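Novice: All chains should be modelled from the sequences, with the hints used to inform the complete structure.
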Amino acid sequence: MIFTSATLDSGNDFAYIKRITGLEQAKTSQVDTSFDLAKQMEIYLPGDLANTEEKIERCASLLRENGGRALILCAYASEAELLYNRLRAKDLDFALLKEGDQDSSLLVQKFRQDETSVLIGTGFWEGIDIPGDALTMVIVYSLPFPAEEPLALAKREAAAAEGLDPYQAIDFPAMSIKLRQGIGRLIRSNEDYGLVAILGCGTDAELRRKVAQELQLSALQSDKLEDRPRFDKC
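Counting with the working numbering, you get residues 11 to 244 for the letters of the sequence shown.
It should be emphasised that the hints constitute simulated quantities derived from the structure, not laboratory data. Don't take every hint at face value.
[Stated by the list, open to error] 27 Å max Cα-Cα, derived DSSO-like pairs, lysine-lysine:
(1) Lys188 to Lys49
(2) Lys49 to Lys220
(3) Lys165 to Lys220
(4) Lys188 to Lys28
(5) Lys165 to Lys188
(6) Lys188 to Lys120
(7) Lys120 to Lys100
(8) Lys49 to Lys165
(9) Lys37 to Lys165
(10) Lys220 to Lys28
(11) Lys188 to Lys220
(12) Lys165 to Lys28
A quick note: this is a predicted structure, and the numbers were derived from the prediction, not measured.
Specialist: Shown next, in the form of structure tokens:
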């Protein structure tokens, strides 16, 4: 059997996927992306968002600056609902589309057709393809750590039984894979460009460091909004 994906590894190795599939002896190989990500994408990773109110305000500021054209990824449906209602109250100059209001395929179609619209949801971390000017910013509102459900709990218990730290062995790798899947919604062709804004670290400096390390960010020069360089269309 051959497993292939842009996001099977975590921490630049395949220990997590091997552990959860039981394929400890699997052979692995990695191929670099064909996209020039350093040119096409910037990651904004602030470390000063102390509460929900600040996250919502930062989110609104990013949307205004970008003129919409954004996908906002949330971890929980209640979170997406709250964010949608708060943003709608700000009378923004573009349409807000929320997962659950209509069939997801119809929402994605509307998002693609209305180039300044914003799509908010929890189910768009993977499986949607929006090349071009309709999507020039992905906002990760919260980091997608595994939910407290039976399968995730069983994985944590199995890791602990092996003497491993469940957070390091299960939770963070699962989150990082899904995070990179979400980030991957931005660059779908050699002509795409834009910004990924990861707002989910709050003021947790260690988590922010680990996320930056996972994404192989050599420097965090983009931790301030005003320091972001402008993108010229490729």
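Novice: For the pair we were handed, Lys49 and Lys220, check the Cα-Cα distance against 27 Å.
Specialist: At roughly 23 Å apart (the allowed maximum being 27 Å), Lys220 and Lys49 satisfy the hint.
Novice: Taken at face value, is the distance from the CA of Lys120 to the CA of Lys188 at most 27 Å?
Specialist: holds (24 Å)
Novice: Starting from Lys188, check that the Cα of Lys28 is at most 27 Å away, please.
Specialist: Between Lys188 and Lys28 the Cα gap is close to 16 Å, so the pair holds against 27 Å.
Novice: Keeping to a limit of 27 Å between CA atoms, is the pair of Lys165 and Lys188 held or broken?
Specialist: Measuring from Cα to Cα gives roughly 16 Å; hence the hint holds.
Novice: Is the Cα-Cα distance between Lys188 and Lys220 27 Å or less?
Specialist: It holds: about 15 Å lies between the C-alpha atoms, which stays within 27 Å.
Novice: Between the alpha carbons of Lys49 and Lys165, is the straight-line distance 27 Å or under?
Specialist: Given that 27 Å is the threshold and the Cα spacing comes to 38 Å, the pair is violated.
Novice: Going straight from one Cα to the other, do Lys165 and Lys28 come out at no more than 27 Å?
Specialist: holds (12 Å)
Novice: For the pair supplied as a hint, Lys120 and Lys100, confirm whether the alpha-carbon distance does not exceed 27 Å.
Specialist: It holds: about 21 Å lies between the C-alpha atoms, which stays within 27 Å.
Novice: Has the given pair, Lys188 with Lys49, been kept, meaning a C-alpha gap of at most 27 Å?
Specialist: holds (23 Å)
Novice: What's the verdict on Lys220 and Lys28, does the C-alpha distance respect the 27 Å limit or exceed it?
Specialist: holds (21 Å)
Novice: Does Lys220 lie within 27 Å of Lys165 when you go C-alpha to C-alpha?
Specialist: holds (21 Å)
Novice: Within a Cα-Cα threshold of 27 Å, do Lys37 and Lys165 meet the stated pairing?
Specialist: Status holds; Cα separation ~22 Å.
Violated hints amount to a single one, hint 8; each of the other numbered hints is respected by the structure.
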